[in-house]
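Construct the entire structure; sequences and hints are all you get.
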Amino acid sequence: MAIVARSVTKRFGSFTALDDVSIEVPAGSLTALLGPSGSGKSTLLRVIAGLERPESGTVELDGVDVTKRAPQKRGVGFVFQHYAAFKHMTVRDNVAFGLRVRRRPRAEIRQRVDELLELVQIAGWADNYPAQLSGGQRQRMGLARALAVEPAVLLLDEPFGALDARVRKDLRAWLRRLHDEMHVTTIFVTHDQEEAMEIADQIVLMNRGRIEQVGGPRDLYEEPANEFVMSFVGPVNRFGESFVRPHDLELRIEPNGETTAGTIERVVHLGFEVRVELVLEDGRDLWAQVTRDEAEELELAPGGKVFVRPRRSRIFQTT
Amino acid sequence: MSRWVLRILGLSYVAALLAAPVGLVVWRTFEHGLGPAWDAVTTPAAKHALYLTLLIAAIAVPANTIFGIVCALAIVRYRFRGKGLVNALVDLPLALSPVVVGLAYFLLYSRNGWFGGWLTEHGIQVVFALPAMVLVTVFVSLPFVVREVVPVLREIGTEQEQASSTLGASPFQTFRKVTLPAIRWAVAYGVVLTTARALGEFGAVSVVSGHIVGKTDTLTLHVEESYQAFDYTAAYASSFVLALIAVATLVLMSLFKPKEEIR
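For the record, the sequence lines run as chains F and E.
With numbering that gives the first Met the number 0 as the guide, the letters of the first sequence map in order to residues 0 to 318.
With numbering that gives the first Met the number 0 as the guide, the letters of the second sequence map in order to residues 0 to 262.
No lab work stands behind these hints: they were computed from the structure.
Backbone N, C-alpha and C define an ideal beta-carbon position, used for all residues, glycine too.
Hints may be right or wrong, so weigh each one.
Claimed, not checked - Cβ-to-Cβ under 7 Å is the rule here; a few derived chain F residues that face chain E:
| id | residue |
| --- | --- |
| 1 | G97 |
| 2 | R101 |
| 3 | V183 |
Given below as structure tokens:
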């Protein structure tokens with residue numbers, strides 16, 4: 000089911016959380032709302048779910064205007080950053096909640112809940128309370144609870160934000176696999192560009208209540224629309240008027256007419272990659288990312304002289 | 000060393016101020032055996048006083064429980080004009096002396112009061128009758144449920160309620176299945192405090208009741224009257240009944256406590 004938001008504006012007092020934002024999410028896709036904190040990404044998700052009322056603008060689910068519809072009538076599944084587990088219910092009752100509210104037959108509820116607990120790999124914890132689960136398990140329970148009612152769209156608000164790095168990585172890959180099996184239109188909010196790049200088909204990059212760019216992970220990295228996008232989705236150096244990624248800087252021992260001279264300040268070995276910090280002749284700092292072999296070949300050492308040339312760089316019109 | 004000093008200090012404080020007086024009441028009640036005590040609490044006047052006390056509590060406690068939950072929800076979950084005033088007014092019964100409350104209701108509802116004249120003309124007796132006694136009891140026991148529920152509502156936040164609504168629950172279903180279970184211990188504790196206050200109220204009820212024996216006497220008033228009439232056995236026995244009801248309320252509450260909450 001496609002999701003469309005048109006010209007949505009939302010204010011909290013004098014703070015404008017969303018400033019005339021429009022997005023289109025194709026049916027069956029996995030879309031990331033990416034941005035720094037305070038960019039409005041969570042607010043946009045909550046407006047789509049009906050948990051916030053926008054001052055103006057509309058939300059459409061599958062072509063139907065649902066702007067004035069209460070959240071319980073929108074058919075969305077919502078997963079919260081801090082799980083929002085019903086603490087007084089067992090894991091099984093948490094997952095069954097949406098089905099019970101819909102007064103489905105008891106046998107059907109039992110079967111569906113068992114399937115879901117199996118799917119999210121917490122079947123052994125069915126009769127425990129949420130407080131007895133780990134963070135990762137709690138979030139999987141949150142996901143099972145949202146999926147139980149077969150929502151037309153699945154909305155996840157920083158679903159892995161409260162988990163530690165390793166669990167995060169596992170769940171991320173697992174969510175992508177789950178999406179590939181179920182094809183439910185999914186939007187998830189994250190401030191982690193790596194997470195967005197890794198699992199989303201489409202990324203909506205937001206900043207200060209506005210959308211900076213919409214595109215596939217590769218588009219955002221290779222064809223950033225502006226300086227903000229370029230620096231948010233990856234490391235960046237300023238080279239004169241242009242911007243260049245550290246791995247797009249070529250280091251040479253001899254000048255070749257296009258290069259700029261610099262002095263090496265520091266060489267940091269990070270396994271396969273080597274980070275070289277330089278000061279150019281005009282006093283500007285930058286850093287280059289080279290492979291271990293390149294670093295050895297060039298005999299890079301602090302205090303040494305090198306010549307730098309950007310292989311690929313971008314210039315943005317200042318607005 | 001200091002731990003022992005603290006322990007002895009704490010224990011002797013509790014013993015001198017709480018245990019000794021209550022213990023004395025029990026001892027005095029049964030000083031002459033079970034018989035006289037039983038006779039004292041089964042006189043028509045004592046039985047009617049017990050009935051009236053329970054009746055007033057049975058009206059005031061549910062009223063304040065429902066009002067308390069609604070009021071707490073309004074204070075925590077909604078923004079409205081005059082919210083600060085409501086929040087402050089809820090505490091008024093704690094600050095105001097019950098005698099003043101009784102007097103205020105007397106002035107409002109007695110024959111020459113603001114509403115009393117109109118009500119008397121229409122044959123409705125408020126003062127020196129059950130209605131005024133219920134009204135003042137509701138007034139003095141009003142803050143407890145609100146004050147217990149407000150902090151718990153704040154602490155649980157709105158996320159569980161939002162999750163419930165995205166899962167398809169109507170506002171009422173969300174309240175019944177998510178909010179109410181989350182605040183039930185605060186409500187239960189508030190109910191116990193409200194009950195205790197309603198049972199034990201003396202000052203305000205004393206002013207508006209008119210002390211008509213066998214008609215507008217509650218247990219507390221009955222204790223006072225028996226004492227004034229040098230009928231100490233009756234006074235102590237009725238006090239014992241009051242204490243017994245209070246203990247029973249506490250026991251009932253802990254019986255309802257589900258297992259998972261006992262850690």
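| Are G97 (chain F) and chain E close enough, Cβ to Cβ, to be under 7 Å, as the hint says? | Hint on G97 (chain F): holds, closest Cβ of chain E at ~4 Å, below 7 Å.
| message | Tell me if the interface restraint on V183 (chain F) is satisfied: Cβ within less than 7 Å of some Cβ in chain E. | response | violated (14 Å)
| said: Given a cut of 7 Å on the nearest C-beta pair, is the interface hint for R101 (chain F) held or broken against chain E? | reply: holds (6 Å)
When held up to the earlier numbered hints, the structure conflicts with hint 3 and nothing else.
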